[in-house]
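Engineer: Since the structure of chain U is provided, determine the placement of chain G on it from the hints.
Chain order of the listed sequences is U and G. The first sequence begins at 363 in the working numbering and counts up one residue at a time. The second sequence begins at 363 in the working numbering and counts up one residue at a time.
Just so you know, these hints were derived from the structure itself, not from any lab. The structure presented is a predicted model; accordingly, all values stated were derived computationally and were not measured. Keep in mind that the hints are not guaranteed to be accurate.
Note that identical chains are pooled: a pair holds if it fits in a single copy or bridges any two copies.
[To be verified] With a Cα cut of at most 20 Å, we get these calculated PhoX-like pairs of lysine-lysine:
(1) K541 with K377
(2) K435 with K390
(3) K377 with K438
(4) K495 with K390
(5) K518 with K367
(6) K518 with K436
(7) K541 with K528
(8) K528 with K567
(9) K560 with K438
(10) K567 with K532
(11) K560 with K433
Single-letter residue listing:
There are 2 protein chains.
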Amino acid sequence: MELNKRQEQILQIVKDHGPITGEHIAEKLNLTRATLRPDLAILTMAGYLEARPRVGYFYTGKTGTQLLADKIKKMKVSDYQSIPVVINENVSVYDAIVTMFLEDVGTLFVVDDESLLVGVLSRKDLLRASIGKQELTSIPVNIIMTRMPNITFCEKDDLLIDVAQKLIEKQIDAMPVVKKVDKGYEVVGRITKTNMTKVLVALAKEDVL
Amino acid sequence: MELNKRQEQILQIVKDHGPITGEHIAEKLNLTRATLRPDLAILTMAGYLEARPRVGYFYTGKTGTQLLADKIKKMKVSDYQSIPVVINENVSVYDAIVTMFLEDVGTLFVVDDESLLVGVLSRKDLLRASIGKQELTSIPVNIIMTRMPNITFCEKDDLLIDVAQKLIEKQIDAMPVVKKVDKGYEVVGRITKTNMTKVLVALAKEDVL
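The shape of chain U in the complex, shown without the other chains (with noise of 0.2 Å):
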């Protein structure tokens, strides 16, 4: 949404004055409160300006980039995330490899006998396993992961955006989405950058809300 000239004075005015009164606001301008009433509604309508009875208009802060942002702040990983490939921390390093070409995935999440988190394995463990001189079908993968306290993870009422951010910061390509339980975390899905690329897409394609 672009501003027209006057719109953009009234936001001006109203940052340097503001709270300021609609009159005020026409007063510096030499115009009338009633020419003034539908820039004003719009700048109100478009997130730029706040009104408040017997205080005036001020400045939001708000932009048309802004009301975007807000829009992505709001999406929740449980919207967003894929079915996790989950493997039994006693798995073969060979056998991991086999199965992240079967399931064609790029991040595989490690559980113990009671089904709960202890690892993840992401292909780049595998291939550092792999260029080692070990024999890849005796090795269990519980040796090579990376193992809690050092997994982040997130859980499916996180937003999006925090997720995203992770996964930049800490350089990786996936994380498991957990359920807290009573000993650990179960993993209910996987999030990924594919994911976030695909969220992008659909912003794009304005298949989003």
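Structural biologist: Coordinates of chain G only, in the frame set by chain U:
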């Protein structure tokens, strides 16, 4: 931006009867033209309606989400790409894996002696090779890489969103940004799902535009 009830009614009337004049909209709502003026101004400013002199208002089909979508659709690859990591086609698979760890990237681009793009190596390609029977130090990467013409690439002026879509469709994590030269393509950049995730975060933080 959220519409109020009256603005929703106006939108519906224009959708059903447009092009329609302001007076006729007012009649249908049993209101005066003056009362409607702010609402019509808002709907027009926000891009929902367009007004043509002597014709009236008509529905543009655009929604708030669409305006955001328009913004994303203008982003270019060149504004978001990363630096490419390139290796020669005669390098061994072992050395490629080491390079991938040293440079901390998920995809390597392979060039010939004239620096022209001849292949792409993903972690997945390297992982597949590493569980094979061959000695990794003795196989050159050009045996296992994805080669032309099967490489998905883009150019710096391509739209970011088209590239995002291709990454998803082709199920790849990255693609080279290339420049056409006489005998083929030179690699000038790298664009990845990490870049896309960063764009999403930038949009939420309003670091864009």
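Engineer: Confirm or reject each hint.
Structural biologist: Structure-based check of each hint:
1. K541 with K377: neither (46 Å within a copy, 46 Å between copies)
2. K435 with K390: neither (37 Å within a copy, 38 Å between copies)
3. K377 with K438: Classified as neither: same-chain Cα gap 34 Å, cross-chain 32 Å, threshold 20 Å.
4. K495 with K390: So K495 and K390 fail the 20 Å test inside a copy (79 Å) and across (81 Å) alike.
5. K518 with K367: neither (45 Å within a copy, 33 Å between copies)
6. K518 with K436: Within one copy, since 13 Å is at most 20 Å while 32 Å is not.
7. K541 with K528: within (18 Å within a copy, 33 Å between copies)
8. K528 with K567: between (25 Å within a copy, 14 Å between copies)
9. K560 with K438: both (14 Å within a copy, 17 Å between copies)
10. K567 with K532: between (29 Å within a copy, 19 Å between copies)
11. K560 with K433: So K560 and K433 pass the 20 Å test inside a copy (16 Å) and across (16 Å) alike.
In terms of the numbered hints stated before, the structure departs from hints 1, 2, 3, 4 and 5, listed from lowest to highest.
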